[in-house]
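Asker: Please take these sequences and the hints and turn them into a complete structure.
Chain residues, written in single-letter form:
Number of protein chains: 2
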Amino acid sequence: MNDILDVMHAQRACRSYDPTVPVPDTDVERILTAATRAPSAENTQPWVFVVVRSPESREAIADLWSAGWQHAAADLKQALPSSLYDDLETGIGKRGFADAPVVIVVGADLERVMESRAPSSIYPAVQNMLLAAGSLGWGSCLTTGLTMEAAEHLKAVVGLPPTVLPMATVYVGAPARPLKPGRRRPLAEVTHAERFGSAWPS
Amino acid sequence: MNDILDVMHAQRACRSYDPTVPVPDTDVERILTAATRAPSAENTQPWVFVVVRSPESREAIADLWSAGWQHAAADLKQALPSSLYDDLETGIGKRGFADAPVVIVVGADLERVMESRAPSSIYPAVQNMLLAAGSLGWGSCLTTGLTMEAAEHLKAVVGLPPTVLPMATVYVGAPARPLKPGRRRPLAEVTHAERFGSAWPS
Numbered sequence: 108m109n110d111i112l113d114v115m116h117a118q119r120a121c122r123s124y125d126p127t128v129p130v131p132d133t134d135v136e137r138i139l140t141a142a143t144r145a146p147s148a149e150n151t152q153p154w155v156f157v158v159v160r161s162p163e164s165r166e167a168i169a170d171l172w173s174a175g176w177q178h179a180a181a182d183l184k185q186a187l188p189s190s191l192y193d194d195l196e197t198g199i200g201k202r203g204f205a206d207a208p209v210v211i212v213v214g215a216d217l218e219r220v221m222e223s224r225a226p227s228s229i230y231p232a233v234q235n236m237l238l239a240a241g242s243l244g245w246g247s248c249l250t251t252g253l254t255m256e257a258a259e260h261l262k263a264v265v266g267l268p269p270t271v272l273p274m275a276t277v278y279v280g281a282p283a284r285p286l287k288p289g290r291r292r293p294l295a296e297v298t299h300a301e302r303f304g305s306a307w308p309s
Numbered sequence: 108m109n110d111i112l113d114v115m116h117a118q119r120a121c122r123s124y125d126p127t128v129p130v131p132d133t134d135v136e137r138i139l140t141a142a143t144r145a146p147s148a149e150n151t152q153p154w155v156f157v158v159v160r161s162p163e164s165r166e167a168i169a170d171l172w173s174a175g176w177q178h179a180a181a182d183l184k185q186a187l188p189s190s191l192y193d194d195l196e197t198g199i200g201k202r203g204f205a206d207a208p209v210v211i212v213v214g215a216d217l218e219r220v221m222e223s224r225a226p227s228s229i230y231p232a233v234q235n236m237l238l239a240a241g242s243l244g245w246g247s248c249l250t251t252g253l254t255m256e257a258a259e260h261l262k263a264v265v266g267l268p269p270t271v272l273p274m275a276t277v278y279v280g281a282p283a284r285p286l287k288p289g290r291r292r293p294l295a296e297v298t299h300a301e302r303f304g305s306a307w308p309s
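So the sequence lines, in the order shown, correspond to chains A and B.
In this text, residue positions in the first sequence follow our numbering: the first is 108, and each later residue adds one.
In this text, residue positions in the second sequence follow our numbering: the first is 108, and each later residue adds one.
Hints should not be assumed to be uniformly reliable.
Pairs involving identical chains hold if they fit within one copy or between any two copies, as the list cannot separate such chains.
Said to hold, decoys possible - In silico DMTMM-like links for lysine to aspartate or glutamate, alpha-carbon gap of 20 Å or less:
| id | residue 1 | residue 2 |
| --- | --- | --- |
| 1 | K287 | D182 |
| 2 | K262 | E296 |
| 3 | K184 | E218 |
| 4 | K287 | D113 |
| 5 | K262 | E301 |
| 6 | K201 | D125 |
| 7 | K287 | E256 |
| 8 | K184 | E196 |
| 9 | K201 | E222 |
Rather than coming from a laboratory, the hints here were simulated on the basis of the structure.
The structure displayed is predicted, hence computed values, not measured ones.
Answerer: In structure tokens, the structure reads:
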């Protein structure tokens, strides 16, 4: 699938992977090349990618999720719709994120970009990664749970220096089961003409 | 142009617009629909779009740029390569951002998402906007100068409530002149295998 609007429309968070299907390095390269085409503040291109395939590192990352989940699960179960909670729980369990053959830790090099400008310079590149993965037929998922809640542990697993801020953990692999269609709010609900509160199109 | 990797490869920041070429609402709708297909933290979809076309509001936004530029220009001239400084200066001047027929202020609804999760929920949607604009043949530019440095003024121009955090100002229109090819660091320079510092592919 190549048409850009089709790829965007089909994009879903994949939280359940088939560990028996390898992702070739050539596809990882296409995904990362796509990332580097994204815009960044003053074209600083502050992205850092660590491609993790080793079972040991993937297990260490999975352990960070398990520890965090035990801590947060009760609150999330209260706060989220049950279908979403179940889907998130899938990511932690068997055939979850831990079974994705490729994990890409995405960081921002703070020697290149101010921390305040890092998000607008990194997440567009991450979105390019997800779209490129989708166009190549792979499932993928952007997660920030570890970079928000377990950043120091994650940095240790992939050896990031103090000047590189981890900002996303991206999973890539074959979906273990078909992805359900996405649910989206109608455009009219989130779009305004000229001023907040005025219906668009006016 | 529809092929997703082609669109990504062609993406450039457009800072100079032809004010005589209107952007139809149908294209704005396609661009915003693309935005709403992006992922967001726990599928909260916290995006808020204000589509600004009126000359008065566009001029008010341009005035915020002028004021900020006068404040920052000397420092930027020191800090940036001259070609990039010149390109940024273009955005402030005649045929710059002020001549883009459509300005879209993108905000995060903090009643839907925690502020810490807003960037990873908003900038992927902004990237979809830029890619969709490119696939439709429009120039576009993601800017965060106003949302970083003049947020309260920008909120006033488009009437954002206190609970909506402005995160990007996106320009859309016909480029006033052909865009130069992008400059990117080689992938090998930013990609690591298993641990930071190990060459990829290993």
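Asker: Would you mind marking each hint as holding or not holding in the structure?
Answerer: Do the hints match the structure? See the list:
1. K287 with D182: Cα proximity of K287 and D182: none, with 25 Å in one copy and 50 Å across.
2. K262 with E296: between (39 Å within a copy, 19 Å between copies)
3. K184 with E218: between (39 Å within a copy, 19 Å between copies)
4. K287 with D113: within (15 Å within a copy, 28 Å between copies)
5. K262 with E301: between (43 Å within a copy, 12 Å between copies)
6. K201 with D125: within (10 Å within a copy, 54 Å between copies)
7. K287 with E256: Neither. Shortest intra-copy (28 Å) and inter-copy (41 Å) distances fail the 20 Å Cα cut-off.
8. K184 with E196: The answer is within: 10 Å in one copy meets 20 Å, while 50 Å across copies does not.
9. K201 with E222: neither (35 Å within a copy, 31 Å between copies)
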